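**Q** Using the hints, position chain X against chain G.
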Amino acid sequence: MNTTEVKGRSLWSDARRRFFQNKAAVAGLIALTLIVLISFIGPFFAVWSNEEIDWDVMGSAATLGMPSFASGHYFGTDDLGRDLYSRVLQGTRVSLMVGVIGAGISVLVGTVYGTVAGYVGGRTDQVMMRIVDILMSIPFMFVIILLLVVFGRSIGMLFLGIGLLSWLDMSRIVRGQTLTLKNKEFVEAARATGVSTPTIIRRHIVPNLLGIVAIYATLLVPAMILTESFISFLGLGVQEPLTSWGALISEGAGTIRYDTEWQLIAPLIFFVITLFSFFFIGDGLRDALDPKDR
Amino acid sequence: MLNYTFRRMLVAIPTLLILIIVSFLLMHAAPGGPFTSERPLPAQVLANINAKYGLDDPLYVQLWEYLQGIIFHFDFGPSFQRKDQTVNQIMAQGFPITFIYGGLSFIVATLVGGTLGIVAAVRQNTIIDYFAVGVSIGAQVLPNFVMAPLLVWLFTLTLGWLPGGGWNGGHWPNLIMPVIALSTSYMASIARITRSSMLEVLNSNYIRTARAKGLPERTVILRHALKPSLVPLISYLSVAFVGMITGSVVIDIYFSTGGMGVAFVNSALNRDYSVMMGITILIGALTILFALLADLLYAWVDPKIRY
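Sequence lines, in order, name chains G and X. Using this note's numbering, you'd call the opening residue of the first sequence number 1 and step up by one each time. Using this note's numbering, you'd call the opening residue of the second sequence number 295 and step up by one each time.
Label-pair ranges, simulated between beta-carbon atoms:
no., chain 1, residue 1, chain 2, residue 2, range
1, G, A70, X, L580, 52 to 58 angstroms
2, X, T420, G, W12, 36 to 42 angstroms
3, X, T299, G, F20, 47 to 53 angstroms
It is worth saying that the hints were derived from the structure and are not from the lab. All of these numbers come straight from a predicted model, not from anything done at the bench. From the three backbone atoms N, C-alpha and C, an ideal C-beta is built for every residue, glycine too.
Next up, chain G with everything else stripped away, as it sits in the complex (with noise of 0.2 angstroms):
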C-alpha cells in the first residue's frame, strides 16, 4: 500500500500561485514595495527638511530651484524654496496613510455590517441596507468637506469623513456574499450540530469572505487616496506643513505658467505609480481568489 501522503494544496497556495503568475500584479507589487521603501527610508538621504526654506531660491524658483544634485534638491523646490524631495516623501506617507487607514476603516465596518445585516435577514437585513441606500445617494464629498470645515481641519477629521463614506460599498459586497453562503451545507451543518449564531459568522462565514474582502479593500486604497486628493487639491485638506499628493500636485498645477514644471512632475509621477499598482495589484487578486473563473 502507497503510505505517501499527497500533499494538500491550500486554496491560499493556489491563490498565491495564480497571482505571482500575473505579470502586471507582480510589477505592480514590487513598484508599490519601492515607494513605500522610497518614502521611509529616503529622508535619511535628504538634504533639506520638509520645512526648511532655501533663502537663496526662495522667490526665483524658476532659474536656481530646478532639481539638481549639486543644490541637494534633487527634485528642485517649490515657489517658497521648499525642498519638493522631502516634501513629496511626506505627502507621500500622508498620502499612503490616508488611504491604507480609509480602507482598513471600510474592511471593519463595511465586513461587520454586511456580514450581521445578511445572515441575521429578515427585516433587520431591509432596514440595514435602506440605510446603505439612503447614505449612498448621498454626495459625499461635499458633505465632508461641510464636516471639515464646520469642525475644523484636521487629519482626524479627514478620516472620519472619508470612513464615513467608504463602507458603504463594501458592507454591500460583504452581505451579497454573506446571503450565498449562508444557504451552504457546510453552515447547514454547523447550525445542525448546535454551533452559536456568533461562533458561525466568525468560523465559517467570515473566512470565507476574506478573498473578496481583500480584493475590494485593494482597490478601496486608491479610491481613499484619490477622494483625499481630490480635497486637498482644493484646499481643504491636510494643512501646512503636512503635505499630500493632492496638496502638492494642486501647488505644481498652480505654479506651471512659470515653468516650474517639476513642481508638477515630481507628485505626479509617485500619485500616477502607485494608483497604477494598486489597480494591478487588485485585478491580480481578483483573478487569484474570486472563485467565479475556476
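**A** The following block gives chain X in isolation, referenced to the frame of chain G:
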C-alpha cells in the same frame, strides 16, 4: 412598475430630508454664529439682528422655517458673508455655467466611451481593442485634477492653441479643456463597462442564433447586441453624474469658469455656511433625482428585473 416607482420615491424623499437636516444641524454645531466677528457688535444690536433672522428661536423652529423655505418657496435664505446677496442669487450665477459644461462632459463621456467600448468588443483582440483597453486603464489614474494642469501645460503653455481659463460666455475654445478634463476618467470607465457587457452579449446564445441565420454582422450588432449591452451602463451613469458634479468644483477652481464650484469652495474657506448648505442640498437633490431616474429607467429597460 407603478408600485416600484412609488416605493423608490419613498426612499428618495426621506433621503433628501435627512440630507437637509444633517447639513442644518452641522451648520448649527459650528462654533460662533453668523454675526460674530472680530469686532463684537453691541449686545443689543446682535440680539436685534438675531431676532430679525430668527436665530434666537429654538433649533427646531429654525429647522422648520428653513425646511419650509426650501420646500414651498425654493428659498435658501441669505448669505452670511456676502450681506447683499441671497444664497439663491449666488447659486443662480454659477449653476447655468456648471450645467452647460457638466452636461457637455456627460454627453461626451457617454458617447465617446460607449463607442470606444462597443468597437473594442466587436474588434476584440485587434489593435483597436488594445488601444481602447490601454486608454481606459491609463485614464483611471488621470482624475480631473490631474488632467486639468496637464491640458493647460500642453494646449496653452506649449502649443498656445487654447485659452488657459475663463468662461467668455461659453465660447467653444474655453469649453474644450474643461470638458476633456472632466470627462476623461468617466469616459474610460464607461468604455470598460460597455466593452465587457458587449463581450458577454456577443457570446450569448441568441447572438449565435442570429449569426447562424446568416444575418449580416452589422445587423447582428446594431439590432440585436447593442441594446442589451447598454443596460449595465445605466446604473453607472448616475455614478458618473455625481462624479462630474463633484469634479466641476475642481474645474471651476482651476479654469476660473465661474460655475458653482467657486461659490462652494469660497464659502467653505470663508465659513459662509448658508451658501455651502444651499449648494450641498441642491446638488444632493439633483443626485437623488438622477439616481431615481436611473433606477426607473433600469427597471423599465430590463424586463428581467423584478422588484
